[in-house]
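**Student:** Each chain, written out:
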Amino acid sequence: MSMMIIDILSWLLIIAGSFSMIVGGVGVLRLPDVYTRMHAASITDTLGAGTIIAGLILQAGISLIAAKLLLILIFIFFTSPAASFALAHAALSSGVEPILDSDLRSDEEKEKSP
Amino acid sequence: MGNRFIHSISLGAVLFAVWLVLSGHYTLLITTLGVISCAVVVSIMQRMDLIDQEGHPIHLTWRAFTYIPWLIIEIIKANIDVLKLILAPSLPVTPTLLRVKASQTSDLGQVIYANSITLTPGTISVDVANGEILVHALTRSGAEDLMGGEMDRRVTRMVGEDK
Amino acid sequence: MFAAAAAALLITMILALIRAIMGPSIYDRIVAVNMFGTKIVLMIAVLGFLMGRPDFMDIALVYALINFVGTIAVLKVFKYGDLGRAHDDEEPL
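Protein chains in written order, with my numbering: chain D, 11 to 124; chain C, 2 to 164; chain F, 91 to 183.
Worth flagging that the hints you see were computed from the coordinates, not collected in a lab.
A few of these clues could be false.
[Said to hold, decoys possible] Straight-line Cα separation of at most 20 Å, DMTMM-like style, residue types lysine to aspartate or glutamate; simulated pairs:
1. C:Lys-102 <-> C:Glu-151
2. F:Lys-169 <-> D:Glu-107
3. F:Lys-169 <-> F:Asp-118
4. F:Lys-166 <-> C:Asp-146
5. C:Lys-102 <-> C:Glu-133
6. C:Lys-85 <-> C:Glu-151
7. C:Lys-85 <-> C:Glu-145
8. F:Lys-169 <-> C:Asp-128
9. C:Lys-85 <-> C:Glu-75
10. C:Lys-78 <-> C:Glu-151
11. C:Lys-85 <-> D:Asp-43
12. F:Lys-166 <-> F:Asp-118
With these hints in hand, go ahead and build the complete structure from the sequences.
**Tutor:** If you want it as structure tokens, here you go:
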């Protein structure tokens, strides 16, 4: 019985992960500029990867495979913000202008920035 | 000195745990080789003077256990918001650039804060300088949430600089 | 059901690939390629379960490492034209 609950839970997690993956992919196509696309990519890196790997861990049970999957998840969670930061920083410093609805920085900064 | 010793032991233990997970062979010879290789790595890191509070922050371990669950819940909430935004037919995004103050004094605290901001979908940190973080937010309301400063307070409490 | 997850991952990878081909700027392409890489890591893990070969987890782990280093390396080469240069003198934005 408890096996079945774990099974159902893991399928639900994997389906939620697959759904958020596809939505993230759609977002990367739909959103207007680099910075907003990065938000869509970060969905697939956090919720998508997190739920799919959690579902796989539930399928694997307590074993070496589960530990390795956990290691992959931790690694993705540590590196994806670093990669996003490097990308956004490189894009802004090389003068890719973000499309902005409102800019809450001070005026002198707006003139200074590319 | 004693502090450094504790860091070395803890680093060696973490390395050996990772080795055990990745190896999957537990005969005496191979495990001994694993212990030796971990010891070599720790001694090389000691010679390179890389063992310190920043590289291996064991003093945060216990407080991280209260911060990380909160962060995961925040990430899930922010994810659902961004999912709704993307699926809305009119695509109601209002991209915003803003500066938030990072009240942490140490580099480690600021890195944790900036990474937490980036890990939460809807906000990406673009630049860290002079105790401030330049953030790109997908929506105006996300930017205002961040300016409320709850994450900042929690990170500051976690790195133990709230006195 | 693992097949469904693999199919969803494939669809996402195709969407990312379209963005990588469309561009328009180099950064759009790097975002897409970085995302593609994370999807490959998950794809290898799911395929390991699908085909009953748990050894694939090691490959997924190594691919996660390579993907991160690769993204950073491409960014650095594109920005500085050199992998060896240090850049401590950068001005804040």
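**Student:** Confirm or reject each hint.
**Tutor:** Comparing the hints with the structure gives:
Distance hint between Lys-102 of chain C and Glu-151 of chain C is fulfilled; the C-alpha atoms sit about 12 Å from each other, no more than 20 Å. Only pairs whose Cα atoms come within 20 Å are accepted, and Lys-169 of chain F paired with Glu-107 of chain D is accepted, the gap being roughly 16 Å. Between Lys-169 of chain F and Asp-118 of chain F the alpha-carbon distance is near 15 Å, which keeps this suggested pair within the 20 Å criterion. Using a Cα cut-off of 20 Å, the hinted pair Lys-166 of chain F and Asp-146 of chain C is violated, with the two alpha carbons roughly 33 Å apart.
Simply put, Lys-102 of chain C and Glu-133 of chain C have alpha-carbon atoms about 5 Å apart, close enough for the 20 Å limit, and the pair holds. Distance hint between Lys-85 of chain C and Glu-151 of chain C is unfulfilled; the C-alpha atoms sit about 23 Å from each other, more than 20 Å. As the CA atoms of Lys-85 of chain C and Glu-145 of chain C are separated by approximately 18 Å, the hinted pair is consistent with the 20 Å bound. Among the hinted pairs, Lys-169 of chain F with Asp-128 of chain C is consistent with the structure: their alpha-carbon atoms are about 16 Å apart, no more than 20 Å.
Between the alpha carbons of Lys-85 of chain C and Glu-75 of chain C the distance comes to roughly 16 Å, so the proposed pair stays at or under 20 Å and holds. About 15 Å separates the Cα atoms of Lys-78 of chain C and Glu-151 of chain C, which keeps this hinted pair within 20 Å; it holds. Under the criterion of a C-alpha separation no larger than 20 Å, the hint pairing Lys-85 of chain C with Asp-43 of chain D is consistent with the structure, at around 18 Å. Distance restraint check for Lys-166 of chain F and Asp-118 of chain F: the Cα-Cα separation of roughly 16 Å lies within the 20 Å cut-off, and the hinted pair is therefore satisfied.
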